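Top to bottom, those sequences are chains A and B. Under full-length UniProt numbering, the first residue of the first sequence is numbered 1, with each subsequent residue one higher. Under full-length UniProt numbering, the first residue of the second sequence is numbered 1, with each subsequent residue one higher.
Read the hints as simulated data drawn from the structure, not as lab findings. It is possible that part of the hints are untrue.
To be verified - Computed footprint of chain B on chain A; a stretch qualifies when at least three of its residues, placed anywhere within it, have a C-beta under 8 Å from a C-beta of chain B:
#1 62–70
#2 274–281
#3 290–303
#4 341–348
On a predicted model such as this, the values are computed, not experimentally measured, just so you know. Where is the CB? At the ideal position from N, CA and C, for every residue including glycine.
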Amino acid sequence: MRHDPAPGRRVTRRGLLAAAAALPAAALLPGCSDGRRRPAGGRITLRFQSLAWQQDSLKANKQLVAEWNRQHPDIRVQYVQGAWPTVHDQLLTSFEGGEAPDIIHDASDDLADFAYGGDLADLTALLPPRLKRDIPQRSWETGTFDGRIHGVPFLQEPRVLIANRAELHRSGVRIPTPEHPWTWQEFEEAAQRLTRGSTYGVAWPLKEPVSATLNLALSTGGQIFHRRRDGKVEVRFDAVDQRVPRTIHDQVNVDRSASRTTLGMGGSDTLPGFFAGRYAMVPLGFSYRQQIAQQAPRGFDWTVLPAPKGTALDQGVSPQTLSIAEDCPYKEEAMAFIDFFLSPPNMVRLALGDWLLPTGQEALKDPALRVARYDWATGTALADSLRSAPAQSVRGYPEWKDKIATPGLQEYYSGAIGLDTLRKRLVEDGNPVLARYQR
Amino acid sequence: MAFPFLWLLSTAFKPPRELAGLHPTWIPEAPTLDNFRQAFAQQPLAAAAGNSLLAAAVSALLAILLATPMAYVLARVRNRLSRAATGWVVISQAFPLVLVIIPLFLILKGLHLVDSRIGLIMVYVVWSLPFALWMLTGYVRSVPRELEEAAAMDGAGRLRTLVSVTAPLLAPGIVATALFAFITAWNEFFFALVLLKSPEKQTLPVVLTHFLGAEGVADLGPLAAAALLATLPSLLLFAVIQRRITGGMLAGAVKS
Numbered sequence: 001m002r003h004d005p006a007p008g009r010r011v012t013r014r015g016l017l018a019a020a021a022a023l024p025a026a027a028l029l030p031g032c033s034d035g036r037r038r039p040a041g042g043r044i045t046l047r048f049q050s051l052a053w054q055q056d057s058l059k060a061n062k063q064l065v066a067e068w069n070r071q072h073p074d075i076r077v078q079y080v081q082g083a084w085p086t087v088h089d090q091l092l093t094s095f096e097g098g099e100a101p102d103i104i105h106d107a108s109d110d111l112a113d114f115a116y117g118g119d120l121a122d123l124t125a126l127l128p129p130r131l132k133r134d135i136p137q138r139s140w141e142t143g144t145f146d147g148r149i150h151g152v153p154f155l156q157e158p159r160v161l162i163a164n165r166a167e168l169h170r171s172g173v174r175i176p177t178p179e180h181p182w183t184w185q186e187f188e189e190a191a192q193r194l195t196r197g198s199t200y201g202v203a204w205p206l207k208e209p210v211s212a213t214l215n216l217a218l219s220t221g222g223q224i225f226h227r228r229r230d231g232k233v234e235v236r237f238d239a240v241d242q243r244v245p246r247t248i249h250d251q252v253n254v255d256r257s258a259s260r261t262t263l264g265m266g267g268s269d270t271l272p273g274f275f276a277g278r279y280a281m282v283p284l285g286f287s288y289r290q291q292i293a294q295q296a297p298r299g300f301d302w303t304v305l306p307a308p309k310g311t312a313l314d315q316g317v318s319p320q321t322l323s324i325a326e327d328c329p330y331k332e333e334a335m336a337f338i339d340f341f342l343s344p345p346n347m348v349r350l351a352l353g354d355w356l357l358p359t360g361q362e363a364l365k366d367p368a369l370r371v372a373r374y375d376w377a378t379g380t381a382l383a384d385s386l387r388s389a390p391a392q393s394v395r396g397y398p399e400w401k402d403k404i405a406t407p408g409l410q411e412y413y414s415g416a417i418g419l420d421t422l423r424k425r426l427v428e429d430g431n432p433v434l435a436r437y438q439r
Numbered sequence: 001m002a003f004p005f006l007w008l009l010s011t012a013f014k015p016p017r018e019l020a021g022l023h024p025t026w027i028p029e030a031p032t033l034d035n036f037r038q039a040f041a042q043q044p045l046a047a048a049a050g051n052s053l054l055a056a057a058v059s060a061l062l063a064i065l066l067a068t069p070m071a072y073v074l075a076r077v078r079n080r081l082s083r084a085a086t087g088w089v090v091i092s093q094a095f096p097l098v099l100v101i102i103p104l105f106l107i108l109k110g111l112h113l114v115d116s117r118i119g120l121i122m123v124y125v126v127w128s129l130p131f132a133l134w135m136l137t138g139y140v141r142s143v144p145r146e147l148e149e150a151a152a153m154d155g156a157g158r159l160r161t162l163v164s165v166t167a168p169l170l171a172p173g174i175v176a177t178a179l180f181a182f183i184t185a186w187n188e189f190f191f192a193l194v195l196l197k198s199p200e201k202q203t204l205p206v207v208l209t210h211f212l213g214a215e216g217v218a219d220l221g222p223l224a225a226a227a228l229l230a231t232l233p234s235l236l237l238f239a240v241i242q243r244r245i246t247g248g249m250l251a252g253a254v255k256s
């Protein structure tokens, strides 16, 4: 059953462009005919659109598809290459045109439009018990919309501190572990001690500051988005929400333990400065280890530290997911492929290929993901602390993020506005935006 | 103009450790072909280049076949209709993509040509036709009408005049316009992304996006290598025809 499109469907310029492009296709494009899927002999073909893009990840994906096809001659899976930068627009046009892939790889925070729009199948009744049990509830929440599971979360990425080990030792700061992480207070003190000469203690790459801020704020109990009794979501910016942004602001503008120039950078942009000793620590996603392993000068000694802890070690994530198109006529077969694809050993292969953490509990126990090399063990130890990102299913979040929160946080972090002004912007300007989506 | 290309060239041959240097260098210290090997191993670049080549070459040829007689008429026949047609050609260049793609979708639906190379080629022809027409009109106007009149005085028929007198003079303009149409189609991304679903039909600009990860992270070396290969044909062609394009666009702009 298709649901009515939600009023809160993401409205971006790109989205509008693609939607306009897709509009005629809704009625016009030829759908996936059974002829394409079921040639003589009764064999069916399922199209699996993968977003794997790194060498090892691509290899793992293609190998798994080939293994499935060998084992299941009657249910052939065709590998289709997608791309992260264009996946939203591409899926939008595909759904509207009746040309969607059967099995869809995406990120959980990109699914809301399609889930509320009825483009993705409800997987709740299709999920095999093994898979349902293997993935913890906190991960299922990232793929659940209006109580229906529309995406199987399978890979996730905590934000960690990647640090120059020599600088850490030289400064004499305590080295945090997942069992005994720094508090935010300790982190601030460590950053100050690591700051000397032309070296900053930390570099915050905050080109896109909203998700980083929101996800880390979970550690101090910050929610930002609060669901009222009537089910509507409103923005608040209370003391617990302010702790993380205030820390970043003060590091840049008060004690100067953080570099100002990296505020406008993406994660990769900070790596040359990190390798050159300009910054002792950089908060980055766990998968950046691959770039660091490839690009760091020989002899450069780096380590992965857990993100600081507030009242908890929690942080928000938006895992990669696998979904099934509502129009797919072979949903059970598609789910059988997903079950195979996400079996514990296969999930390990995918995680290693992407340098990410699997959501599956069995895969997380695999010795290959518990090694000290590249600090895999530090990451797997953090898996229990990963929660659904605060903005995951908030309708109107993209507009709030683009129009209100991104410029507000950028100005606050650069020191152009104070905390009160930021609060007014996020709350007083932001709530009317969300309200439009919740009428 | 040269800076982006030279930087791309330099990046394509740098090993990962050099890509992350704080003080980037123009000339790679340890040049490598690994980025090219990896790019070809990861993505079907050759097949995608073949698709792009097919779409660009055929659409350029068709655009020229359609635009040349139309341009001749527009240049030689001066009346209200031809002026309106010329105006329409110019205005059509200002249309946003969303306005263009909708009627194209309608046409393709009627012809069952979605996810079809033929459909994409048709779109490219429609897309490049106005500019090709505009360019060729300039070229035709630059051919002195007196030459055709002289040929007629010498007894040449209309067809003979066109074939033996006008066409040779127009040839450089036709080649320049064809190459321009080729480059436009070669570099086109949005139509190819939206119209083609089957992986084996994807064109080079679409396949290039497969080297990009979430949140702007890129496999920089292989991406640069692939982008360099994608850039070279259009760059070489542009270098060859640059003078002709400029000449064509300006031809007929000043009354003799």
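Results for each hint:
1. Residue count for the stretch 62–70 of chain A with a Cβ under 8 Å from a Cβ of chain B: 0. That is fewer than the three needed, and the coverage hint is violated.
2. Only residues whose beta carbon comes within less than 8 Å of a beta carbon in chain B count, and the stretch 274–281 of chain A has 3; three or more means the coverage holds.
3. With a cut-off of 8 Å between beta carbons, the stretch 290–303 of chain A has 6 residues touching chain B; three or more are needed, and the interface restraint holds.
4. Given as covered by chain B, the stretch 341–348 of chain A fails the check, having 0 residues with a CB less than 8 Å from a CB of that chain where 3 are the minimum.
Of the numbered hints listed earlier, those contradicted by the structure are 1, 4.
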